[in-house]
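Those sequence lines, one after another, are chains A and B.
Using numbering that gives the first Met the number 0, the letters of the first sequence correspond one by one to residues 0 to 410.
Using numbering that gives the first Met the number 0, the letters of the second sequence correspond one by one to residues 0 to 410.
It is worth saying that the hints were derived from the structure and are not from the lab.
Just so you know, these numbers come straight off a predicted model, no measurement behind them.
Some hints could be false.
For each label pair, taking beta carbons as the anchor points, the in silico distance ranges come out as [to be verified]:
no., chain 1, residue 1, chain 2, residue 2, range
1, B, 336, A, 140, 34 to 40 Å
2, A, 403, B, 141, 37 to 43 Å
3, B, 62, A, 24, 40 to 46 Å
4, B, 186, A, 145, 54 to 60 Å
5, B, 141, A, 29, 38 to 44 Å
Idealized CB from N, CA, C, for every residue including glycine.
Read off the chains here:
Protein chains: 2
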Amino acid sequence: MARQAQPQTAAELGLMPGGRPTPDRLVTLANWQDPPFNRWAFQHLRELVPTARIDRGTGPVTRLPRETRDLDDLRFAAADGKTTTLAALLTATYTDAFLVLHRKRVVVEKYFNDMTPATPHLLQSVSKSITGTLAGIMIARGELDPAGLVTGYVPELAGTSWDGARLRNVLDMRTGTRFSEDYADLKAEVRQYEQVAGWRPQTDPQTADDLYSYIAGLENKEPHGGPFDYRSILTDLLGWIIETAGQARFADLLSRDLWARIGARHDAEVTVDGHGHPVTDGGISVTLRDLARFGQCYVARGRSSGRRVIPASWIDDSWRGDDETRAAFAGAPQAERFPGGLYRNQWWAPFPSRAVLLGSGIYGQSLYIDLAAEAVIVKFSTWPEALDLTLAEQHVRAFRAVVAALRDAGA
Amino acid sequence: MARQAQPQTAAELGLMPGGRPTPDRLVTLANWQDPPFNRWAFQHLRELVPTARIDRGTGPVTRLPRETRDLDDLRFAAADGKTTTLAALLTATYTDAFLVLHRKRVVVEKYFNDMTPATPHLLQSVSKSITGTLAGIMIARGELDPAGLVTGYVPELAGTSWDGARLRNVLDMRTGTRFSEDYADLKAEVRQYEQVAGWRPQTDPQTADDLYSYIAGLENKEPHGGPFDYRSILTDLLGWIIETAGQARFADLLSRDLWARIGARHDAEVTVDGHGHPVTDGGISVTLRDLARFGQCYVARGRSSGRRVIPASWIDDSWRGDDETRAAFAGAPQAERFPGGLYRNQWWAPFPSRAVLLGSGIYGQSLYIDLAAEAVIVKFSTWPEALDLTLAEQHVRAFRAVVAALRDAGA
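Okay, chain A solo, but in the shape it has when bound (with noise of 0.2 Å):
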C-alpha cells in the first residue's frame, strides 16, 4: 500500500480560525457532519449544539500507567485483500486519536487533526452502549426490568404505538416502530429527528416540539419483539425510561451511577433539544482516555477501582445474548459483516464465539473490547461520508491485527 497523505486537519483547513470566517471556514449547524466541516465540529460540537454537563465528580483519576509498543508498522490484511499496515490504516481512515489500552497499560495513544488529550470527540451511536451501561446499572439495582413494558416507566406512552413493547425490546433494537435511518436518504426519520434533536436547522415543517414528543408520535411497521432493526430512536426512549425510573435528569443519573465512579479525568457531556432532553443515542463526548476507562471498566468485569459499578451479568449478557437474539439478528443486513453475531444491550457482539464488545458510531467512532484478551481499543475518527462499510471493516481488521499482535507478545 502506498503511503497515503495525513488527510488536511481543521487547522490546516483553516477551519473557525477567529474573526469572520469565509464561508468555506464556516462551521455551521447546517453543515458540521458534512466533510470537511466535521475534522473540526466532532471536537467542538458543544458549540453548535446545546449540551448538560456529566459531571466527573470529585475522584480520584484512574491512572494508565503506559507500557507504550511502536505498532505502526503491525502488518493486516484489508478488506481488498492487500497487505496494510496500522499506520497506513489510521491515515486512510481519517483518525482523530487512536489509544489501545492492554492489561490497564496504554500501549499506544496517538492524536491527529489538532486533538488532545483534554478534547471531548463526539461519540455519535458509541454513546448508545453508554446509555445501554447505565440502564444496566439501574436493572441490577432493580429500578429497571427488561420483562417490563415500556408504558409502565413512560405511562404517558399509553395509547400510542409503544403499547406492549418492552425495555428488553427497546435494549435489543427489536421493537415494531417504523424509523429510516438510511442517511442518504432525506426523507427518511432520521432527519426529521435531527431537526427535532436540535442537530440541523429546522427547515421542514415541524413534526415536533421535542424529542419526547417525536417519539411519543412513532408508528409501527411490525409487531414488538421482531427481528433485530437498528434504529437510533430506541436509545433515546431509553433515555427517557431511564429519567423516569430514576427521577433525575440523564445527565446528572449518568455522572452519578457510571462517570464519576470510573475515575474519568473530563466532564463528559451530551447535547440536548430545546426542552432539555438528552440526544442519548448519539449526542455524548468524552474525551479519548475516557472512553478507555469505561472500556477498561467492562475488562475487569465491571469494577473500577475495587468498586462495583457495571454488573458482571450485564456484561456477560451483552456478547453472549441469547439464542432468540442471536436469531432475531441472523436475518439483518449487519450479519454479513458479523456472522453469527447479535446486538444486545445496545452492544455489537461481532463474533459468536470470542468475548468482543463492539460501540461504534458513524463517520468512525470506535470502542472495541476484547474482554478474554483484557484489550479495549479506541477509535475517534471524521470520515467523508456517515457510513462507509469498507472503512468500518477495516477498522475492525485492525483491532484483531492488534490484538492478534498483543496475544503474541504477551507473557
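Dock chain B against chain A, hints included.
Below, chain B alone, put in the same frame as chain A:
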C-alpha cells in the same frame, strides 16, 4: 428587618426534573432569563445556548486556604435607612453563591439554590471585566494599542459607522454608537441583539446572520469619543478585535493568556452565536472560586503563583482612570450611584478615592475587588428583574460593610 424566607430553589420549584416537564417547569430559550426560570438557567446556560470551552490548562490549581468567619450577623445600613444583616441581604437578593476572600484566604463561602463548587454560573456583564483584562494583557504585549483605530484591527469595518473609533473609546464605552440597553423596552437594540447572539428565539425579522455582521451594521448617534454610555455591544466588538489581533478564537486566547494562568480549578465557557462568535459582553460562565481567583490576581497586582499575568499598569489605570474619563462619566445616570466614579477598561471604579474595581452584571452578578484592603467579594444571584437599582445598592452597601469588618478585625 424581619427574617425573610429563602427564595425557592430550582429543585423546590421542580424546574427541569427529567422526563417531559409540565410547562411551568420547562426552561427554554424563550423564558430562561425570566423568573423563576433563571433560578435554574444561570447554572445551566450551556444546555440552552451553544458554548465554547475555555480550557483551564494543565497547571496546578491555586489553593485557597480557609480562615472562615461567621459574618451572618454583620449589620449595616440598608438603602431604606433601616439596619439589616449580611444573612438577610443574601436571602433578600436571591443569592446563588457568595464568597469573600481576604488576604488570599476564604473568609466566607456559601452556596444556595442547588449550586456547588463545581457549577459554572453565568456572569452576565461581569464577563466584560474578564474580556477587558484579556485586552489589557494584549496591550502590554504590544498586540493592541488603546490609541489604535478599530478599523485598523478589523479592516472589514472600514466605511462603516466605526470609522474613526479608537480602541480606547471601546474599552471605556465612549463610541458614538446608537445601541439602547433598556431591557424594559422590547424594541431596544439589546432585544434584537439577543436574537442575533442566540440568547432568544428568532422572532423578529432577522437583522443580521451573526453577531459580527450585526456589529458592522450599527449606526452612530453622535461622534466617537464623547460621553460614557454603557452599551454591551462594544464589548462584543472588543472580542472581535481581540480575535483579529490575536489571530485565534477568543475562547482559546482567553484560555492561553488568562484562564490557564490563574490556577483556575475548572474550565470556563462562553456562549457563541450561530457562526461561532463569542458573546464576550455577558456570556461567560465560571465557578465561584475561579472568579475569586481571577479577582485575587488583581489584588496580587497582576501576579499569580509568582508569575506576571495581568499588567500592573492596567490595574492602576482601571480604577484611577484620568480626568477626561472621569468627566465623561459625570453626566451619566450611573454617576448618581457612583458620584465621582468612572468606567474604565471594562470595570466600574465606583469611588473616587478608593482603589475599588467592580464587575457588575444584570440579575445580580458582582465581583467586588478592594485592592487596598486585599479583599475580593463574589456574589452570584438570580434576581427576578434584570436591573433593580435598590438591590444593586444593597449589594454595594453589603460589600463595603464586609470590607470594613475585615479591616476592623485585621492584624
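Taking the hints in turn, this is what the structure says about them:
{"no.": "1", "hint": "B:336 <-> A:140: 34 to 40 Å", "result": "55 Å, violated"}
{"no.": "2", "hint": "A:403 <-> B:141: 37 to 43 Å", "result": "57 Å, violated"}
{"no.": "3", "hint": "B:62 <-> A:24: 40 to 46 Å", "result": "42 Å, holds"}
{"no.": "4", "hint": "B:186 <-> A:145: 54 to 60 Å", "result": "56 Å, holds"}
{"no.": "5", "hint": "B:141 <-> A:29: 38 to 44 Å", "result": "39 Å, holds"}
Violated hints, listed in ascending order, are 1, 2; each of the other numbered hints is respected by the structure.
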